[in-house]
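Peer 1: Just so you know, the sequences run in chain order A and B. Take 1 as the starting number for the first sequence in my numbering and just add one per residue. Take 299 as the starting number for the second sequence in my numbering and just add one per residue.
If you are wondering where the hints come from, they were derived from the structure by calculation, not from laboratory data. As the structure is a prediction and not an experimental result, all values here were calculated from the model. Beta carbons are placed, not taken as given, at the ideal position from N, Cα and C, and that holds for glycine. Do not rely on the hints blindly, as some may be mistaken.
[What the hints assert, rightly or not] Below, a sample of chain A positions facing chain B; criterion: calculated Cβ distance under 8 Å:
(1) 161
(2) 165
(3) 168
(4) 169
(5) 174
(6) 178
(7) 180
(8) 185
Now for the letters of each chain:
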Amino acid sequence: MDMLQTSIDGLMVGSTYALLGLSFALVFGILRRINLAFGACLLFGASVAIYLEPILGWGAWGLFLVTIVGVALASVYVERLCFAPHSKRHGAVTAMVASFAVWMQLDEISSQLLPQRTHAFQGIEMPNFWWGEIFVRGDQLLHFVIALVSIVVLYLLLYKTRLGLLIRATADSPETAHLLGARVPWLGFIIFLLAGILGGLAAFMILSADGYVTPLFGLWSTFKGLIAMIIGGVGSLMGAVIGGLILGLVETHAGAVLGAEFRDMVTFGMVFLVLIIRPGGLMGVKIYRTDTLAQERV
Amino acid sequence: MLSVNNLVTSYGLIKALKGVSLEAKKGAVTCILGPNGAGKTTLMFTLAGILSPDAGTVNLLEQNLTGLGAPKILRKGLALVPENRLVFADLSVYENLLAGAFTQDRAMAGQVSEDIEKMYDRFPILKARHDQPAGNLSGGEQQMLALARALMSRPSILLMDEPSVGLSPLIVDEIFAIIKQLNEDGMTILLVEQNATKALQVADYFYLLDQGKVTFSGTPDQLKDDDIIKRAYLGGG
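Using the sequences and the hints given, assemble the complete structure.
Peer 2: Here you go:
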């Protein structure tokens, strides 16, 4: 029974990791870029939300809304500043280093907004309940449902709509998409906006479940997101979801069986194993495609 | 139908096209022959709007296409099947065809699915593979997909850049049979080819492009009578 309880707890936590991983996978899968400032964007959104909370007085739902808007804004800010100017194929490293610089900047703003080390973060009140002998926290169940719904919505957007087809076509070959009149302008902007919204959702869920935020949250969420993506499959959306769920399960089980201090050790051990046995991740996609682009061949 | 006048395109200081003029007549297959580096692909890219010319004009059915971007040129009825196909490898065959119809108005949505059915009739292999990623298709199948995708925009002239490149002889025969069939169904085609023997079977008029200039133009008979061309492109002599 304990096993089942731990697994359910793990899935609840894992669903938020899945969203973090999905944000990374979205940016990497479509733009082939890594945004090191991702966690800083999350911290920034949360800091703005806490800072504005006493001014707005909208309670938990206000935190929810402002966090998501704040993270999304920070995310598109990073895109405009670091990624849009380096959108060519060879700009990957430059953009990543630039995002590192903006990480510092966002972290600094966040610590100016929240000068103390720990700040309370209010959650949405939900009744907890027992299901037989299984205990389920109401807010975590809500988070699980929200995560599931956003994953489904993202899937529908990318695979069932005209915009989604345009996005995937442009990601596949920008030159051919241009030739067919199917290139999406502002592709990077759209992707970072989506990643920001997903990240904002994840930030709210994690922070409200914990009940507080510290300045370390940014780095922590960058790690969790990257690990979820690496385990699941670099650049694969489905992989990031599965990777996040596995990460949540492994963490909670390791914590329950070996004790909290072994949790991160087991997690990083698993990342090493995956990188050695299956470097592309569980659902690894071919990252380096051999097709040369039309423009380069001229 | 398509008339190109004194077209000049350069990459920086290097002129790849040094004043090319040619004409593609309605309902005909016009073929551009030429060695590597002659400027054939540059010409195709300039006509399709991927590159913009420094001088000269391009007209299609009384419309001036000079200097327009690729999506606008496609809307005006000129579609290019690029060299090496360039299908969207991660998208399914069906999605590739849909992507070809993006310049169509949304109101034509019904016609788009009708057009896709027509493509499936013309290329049954695409129907059989409609839900597979295009990257899994063989070279010949990808060429058919690229061709079908270009047709989805309902062009009035179809440009094909070396459709035979990298394909086995049997598949090349098949591709040229399709080109011939398309032309018999009324499609105007401008073809770039290195395989002159094959091109002779379908083309009505030839241009020879060398170092950015047209050095010969004529009918297939005139081409066959030209000793230099015969030696260079048709073998023997």
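Peer 1: Look at each hint and say if it fits the structure.
Peer 2: Structure-based check of all given hints:
1. 161: With a minimum Cβ separation of about 11 Å from chain B (threshold 8 Å), the hint on residue 161/A is violated.
2. 165: holds (6 Å)
3. 168: Because about 6 Å separates residue 168/A from the closest Cβ in chain B, which is inside the 8 Å limit, the hint holds.
4. 169: holds (5 Å)
5. 174: Result: violated, 11 Å to nearest chain B Cβ.
6. 178: holds (6 Å)
7. 180: holds (6 Å)
8. 185: violated (11 Å)
When each numbered hint is compared with the structure, violations occur for hints 1, 5, 8.
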